[in-house]
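Protein chains: 4
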Amino acid sequence: MNIMIEDIHGFNERFLTDHTRKFNFIEDQFNRAHINVQDIIERLRTFQVAIPSWALGSGATRFGRFSIGGEPATLEDKIDDAGLLHALTRSAGSISLHIPWDIPGDIDAIKQKAAAHGLFFDAVNSNTFQDQRGQKFSYKFGSLCHSSGDVRQQAIEHNVEVVEIGKALGSKSITIWLADGSSFPGQHDFRRAYQYTQDSLREIYKSLPGDWRMFIEYKPYEPNFYSMVIPDWGTSLSLAEGTGVNAHTLVDLGHHLPNTNIEQIVAILMMKGRLGGFHFNDSKYGDDDLTVGNIHPFQLFLIFNELIRGIENNTSQNPDPAWMIDASHNLKDPLEDLMQSLEGINIAFAQALIVNRKALREAQEKNDVTRCQELLQEAYRTDVRSLVAEARRQSNGAIDPIGLYRHLDVRKQLIGKRGKHGFATGL
Amino acid sequence: MNIMIEDIHGFNERFLTDHTRKFNFIEDQFNRAHINVQDIIERLRTFQVAIPSWALGSGATRFGRFSIGGEPATLEDKIDDAGLLHALTRSAGSISLHIPWDIPGDIDAIKQKAAAHGLFFDAVNSNTFQDQRGQKFSYKFGSLCHSSGDVRQQAIEHNVEVVEIGKALGSKSITIWLADGSSFPGQHDFRRAYQYTQDSLREIYKSLPGDWRMFIEYKPYEPNFYSMVIPDWGTSLSLAEGTGVNAHTLVDLGHHLPNTNIEQIVAILMMKGRLGGFHFNDSKYGDDDLTVGNIHPFQLFLIFNELIRGIENNTSQNPDPAWMIDASHNLKDPLEDLMQSLEGINIAFAQALIVNRKALREAQEKNDVTRCQELLQEAYRTDVRSLVAEARRQSNGAIDPIGLYRHLDVRKQLIGKRGKHGFATGL
Amino acid sequence: MNIMIEDIHGFNERFLTDHTRKFNFIEDQFNRAHINVQDIIERLRTFQVAIPSWALGSGATRFGRFSIGGEPATLEDKIDDAGLLHALTRSAGSISLHIPWDIPGDIDAIKQKAAAHGLFFDAVNSNTFQDQRGQKFSYKFGSLCHSSGDVRQQAIEHNVEVVEIGKALGSKSITIWLADGSSFPGQHDFRRAYQYTQDSLREIYKSLPGDWRMFIEYKPYEPNFYSMVIPDWGTSLSLAEGTGVNAHTLVDLGHHLPNTNIEQIVAILMMKGRLGGFHFNDSKYGDDDLTVGNIHPFQLFLIFNELIRGIENNTSQNPDPAWMIDASHNLKDPLEDLMQSLEGINIAFAQALIVNRKALREAQEKNDVTRCQELLQEAYRTDVRSLVAEARRQSNGAIDPIGLYRHLDVRKQLIGKRGKHGFATGL
Amino acid sequence: MNIMIEDIHGFNERFLTDHTRKFNFIEDQFNRAHINVQDIIERLRTFQVAIPSWALGSGATRFGRFSIGGEPATLEDKIDDAGLLHALTRSAGSISLHIPWDIPGDIDAIKQKAAAHGLFFDAVNSNTFQDQRGQKFSYKFGSLCHSSGDVRQQAIEHNVEVVEIGKALGSKSITIWLADGSSFPGQHDFRRAYQYTQDSLREIYKSLPGDWRMFIEYKPYEPNFYSMVIPDWGTSLSLAEGTGVNAHTLVDLGHHLPNTNIEQIVAILMMKGRLGGFHFNDSKYGDDDLTVGNIHPFQLFLIFNELIRGIENNTSQNPDPAWMIDASHNLKDPLEDLMQSLEGINIAFAQALIVNRKALREAQEKNDVTRCQELLQEAYRTDVRSLVAEARRQSNGAIDPIGLYRHLDVRKQLIGKRGKHGFATGL
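Note that the protein sequences, when read in sequence, are chains F, H, R and V. First residue of the first sequence: 2, per the working numbering; consecutive thereafter. First residue of the second sequence: 2, per the working numbering; consecutive thereafter. First residue of the third sequence: 2, per the working numbering; consecutive thereafter. First residue of the fourth sequence: 2, per the working numbering; consecutive thereafter.
Do not rely on the hints blindly, as some may be mistaken.
Covered stretches of chain H (in silico footprint by chain V; criterion: 3 or more residues with CB under 8 Å from a CB of chain V, positions within the stretch not fixed) [unchecked claim]:
#1 255-263
#2 294-303
#3 336-348
#4 367-377
Quick caveat, the hints were computed from the structure, so don't treat them as lab data. Even glycine gets a Cβ: it sits at the ideal position worked out from N, Cα and C.
Taking the hints into account, I'd like the entire structure generated from these sequences.
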């Protein structure tokens, strides 16, 4: 289903007086602080986050899956759902495909459908962590790191094919996340696994057009529980440097050991010009894949603080990072969850934009630690929701996306159309 | 397939000289240290660990499953596999059923089959973490803690039914693990969830025969990622005390936050007479469900050290704990993995049995910390493998169970009989 | 030095227009949402947090201490500093003494001094984790849990003496934090250590007046690194229940293993009527003792959410918890740090007060998880700073306490008076 | 005091029969497995671990220090204690100095004293984490990363001075551990802190003789609790690569976030030729600095397994790593603790030496995970204590070092000589 712009405007009308009052207050505040409100709004309007094709259905844990109904069973359905999200929020302007879950049949038709929703295709994702029907060699014991050259070759070719599909769709990057690792001491020769992976990445890299980028994701554990071949940012960076100038590290917020200082990693990667992309989610224990900003919103703000610092002091020509939400929707309606994630992201981004960087730099120089803290909290404690809503409104999005989604009873309509037990490919 | 006792004896012959030499050495050592070898061997021979019916097939992560072939598709097959394990190791003398995955059809036939393998039925396990086909209410948002009385009643009745099945099979206990929890702040009213769970447990408890026990398992996270209703031993103990004298806490080694001192929990629970049972596995990160003793063998030894201390000073009439392996076999042949787990358990148990407890107590009294450490390491560093093998041999088991298993090409035979793509219910 | 009320009013004048504008906006918002602003303000004005006598000087790590100068060397100085804090913030209305660091000489004079600052004496704290000059037995290997009855008796008597001092000062509670534990496997007999501790606590409890309460603190590690006798809330609760109706658990935010859900612990303890007190701080790794709300402000809000839920549904007659800041000031001016902590606490408290509890309860009943999250975030994302400032202003405190503190150059004056290298007892 | 070789031989006599019986058994076992026992013994005899000068007295936590008496108050005393350790164990053949705690007065005399004990001087350690009396600038807010060029220059010059002292003593390397970091979000500009540190390291590096190496240590937290400038191996490696070919990463076992796979880090660093050195200790929670092999002995074995793999396949010309014990002795006699640490290290080393590497490689190639595990456990479960003792015996050390130490009542003699309340510099 599509959301009509009239629906949005009509629904916005209900909140306009209230919204305007709040926005005027914040605008007045910002004016007094010599912050240019419209600049912030433009930054927010421009900021777009990719929706992964596999996050539009109900997620699962290893203990089971509970469907919500109306899930998108085809790539077309997924693009429609992403389009719906974008219509409501105007900040989900691209889609990230996962191959082979979402191999497009008619490329042109798919591109037209996406374009009609105002969506483009962001990074394509390969999958060598599951075996597909008819696949010659199994990835049970790894893919790019596998002891067998046949398996490595198959995995390389799969990645090259993913690049081909991405080229046809207009993507400009491939994200490689490897489940490769070991679950038992002794299973892996760490060095050989690293070396094979490095060699395989170089092979894939050769197939990349010059304007493409390769994102190398890291993760400390799961689905392997003793070692992962690319467990941390240090390994990913080292492999990227060994692969080529267009190879970068991708940071997924949930892929860290307990208590890791992620914002520092982000800062250092940008300093080195190697931060390729970002997978947003939130977590309390491990790779919990929860709604962004739901557990550690202050950490998210601190990360954005470094991202903006890095973008504004881009001495190393770090390219614009690719942004994507990578969450799993086990309990909530995926579309509602994604709207909450987008809100969490935009709030953190807006708060980071209003940090008084000049004053912060001075306080840092003087080691005035109290003041440093005050400056960050001044930004973080500001209620920027009306600013985020105003950015959406100016882009023809909904002031209250979830409210409108519920008002239009979208999920019920999707169930009516697609059935109660439709099943979306994905985790 | 069955392992013939002749096969075992025949294969043992090959190793007998070597085994005897090693065993004689350790026997001589023990004699000098005034440790009664045959007592230790008897303790080892008597020690039996339950095999869960769901651990005999390939496990999976949320990212996928890789089959090994020849997996047991029926309860009968599973009992056969458990019997095979027991024949080889003589230490897997019982089976623990999971309902509804393994509801027996013909109870008498099942009991006879088990008896033929020398197996009895240990704790039965209920399942309210998945929805079953045709189930009236969903457990998506919990079971015994659910806000709806209808769902709680359904879950209570399921548990009562599990007890009924257990009674028919000769079990004497039920293990209740609840996936109940929340993944988002605000989702749960913690107090109400606790209270409903307490009330539900009391209801189930009413259906328990007087000689039965209820084991209440705890887990800090997964499949819920913000809170679990029973996250830790304190909550489990509190609920057990609120339920009845035959309600106990069950400890699963993988169900703890990072760095938890599990052996202390075990000691305190036994002191309070509330340690009901034990799920063995090993892990590096979370509930990784790896082979027992594969990551933290010294911790396993320390746990057994407390268990033996508790059994030998049973001032609180703690009943004999129920022992079970609860691992997931994603990469290895499940039967080989279980044999490795049994070996790991027996080694830790044997090492803990030879701790010089009198000397340890004296060193503790004097706060001679160096000596305390020496005493534990004296036991832990002893190579007790020939002792464990001798206990197996005396019980007609294999000196080298995995060697014989491979020698007989058991997996190949199972595949021949059951097919390459058989699928066992379970995780 | 003292802060004059005229100084405060004078400094407040500068900000009054700006403050009023912000406050009017939030007042208007609340009126529309049918939240009674003045009720919230009264709750904030009444809410008082104790300052520990040992937190007014520079803290240290085991790697060293860096003094700030002007540190309070006597109990009188410490009361003055606490009084100064209270004058500025009007929310630090009590002081918590640590014995033997702060044994009062002339009790009456000390009481008068405190009263002149509007301060009362909150919980007194015993210390059996360090040896004092001339002490007969060492606590190197524990105190209340020690294998030697002599040591235990000495530690009991010390605690009884602390109660006596507290009685003279008008305190109504004692906080017992034990460093007791072991750093090496085998060092402790866990059960004996628990039992001795239980017995010792009962002895101390006998000396408590009927209107006093005993708070039993827990901590998983440090300064012992293998086991602590009271590592977690479950042990503390169990000991409290074994001690008496006026024995309660005390929660220190930094005393938990990684990823612990503290808000759930708070909720369950209050449900059981056993939450005695709270030590506020923040941390990223362990017991880091950082400024409150500096790392995990959302978690702090969630904890306050449970506290208010517990206070408003006090079915178990949980007494009002004792609140205290327990942080270490290694890098910042201790007084500035404490003002930032008080601000962090008040903000979280105010945000938790405006949660729409009725709507939350309904959403929880219906398992409308999206809505549950929205409701908490609606409160958390509200900028309540002007509310907190208004509560201070109405109590004759400073709108901007740190601003005034710096304006008056307080630290410089303290250094002038007390010297550059004064040293405060404490950690 | 000195241990006479006659004392050692005399004491060894008592155990010789028993020792020989055990050793003969293991020798026989190894012969059957075609392992050359004498080769292993030679490797053990050659393997020497440095003792840090600051680990010979009682350690402390931030909560206090409990002295043991007889502590070495001077560098001469420390060298004597290290010599005593070496005489007993023959595996502590060097000493690692910490400047400015142990600045030698008369260099020649110190060198002669060390030589008389058979000790050489291993890596020298700088200290910029404490302020020394009379120091011009404070390191409160960092040293090599400090925002002030003056402070950085002072810290650089200190390191250069440490190199000078090391040169005089015959050291060949400097270990740089920086406490530099931040405890509050916003305090540090991560990028600037990194850049200043890189620049400073390059400055220090210039002063290094061509045959010297620089070891750059990393640590995730403590004494700073929000960020450390060099938090992980990735940062250390990156800085080392940016400094020069003789700059390497130093791994301290206790300096990792929970659950880190340290053995993988070791393997990758060696593969890159950048593993400089190793600080041994053990820990359960953080940088607990406990006796080596006391908590995670299997992990230690796995680390040695990678070290040997790296040494035997040294394709990247990784220099021989520098080995040192870095523990803190809060509860035990430091000398006893160090002997236990040396034993733990030697056992792990010996076990790793007997891994059947050829079979392991084959099993890895075939992904025979069960077999991989069996092969590692075959080595780990072997009781190699008599092998380690034999290596000591052949080097004129004690079969039972702690036994002899106690037999000679060394601590009592040290107290008699140095007093009960002597205090050693250090942590």
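For each hint, the structure was consulted:
no.: 1; hint: 255-263; in the structure: holds (count 3)
no.: 2; hint: 294-303; in the structure: holds (count 5)
no.: 3; hint: 336-348; in the structure: holds (count 4)
no.: 4; hint: 367-377; in the structure: holds (count 4)
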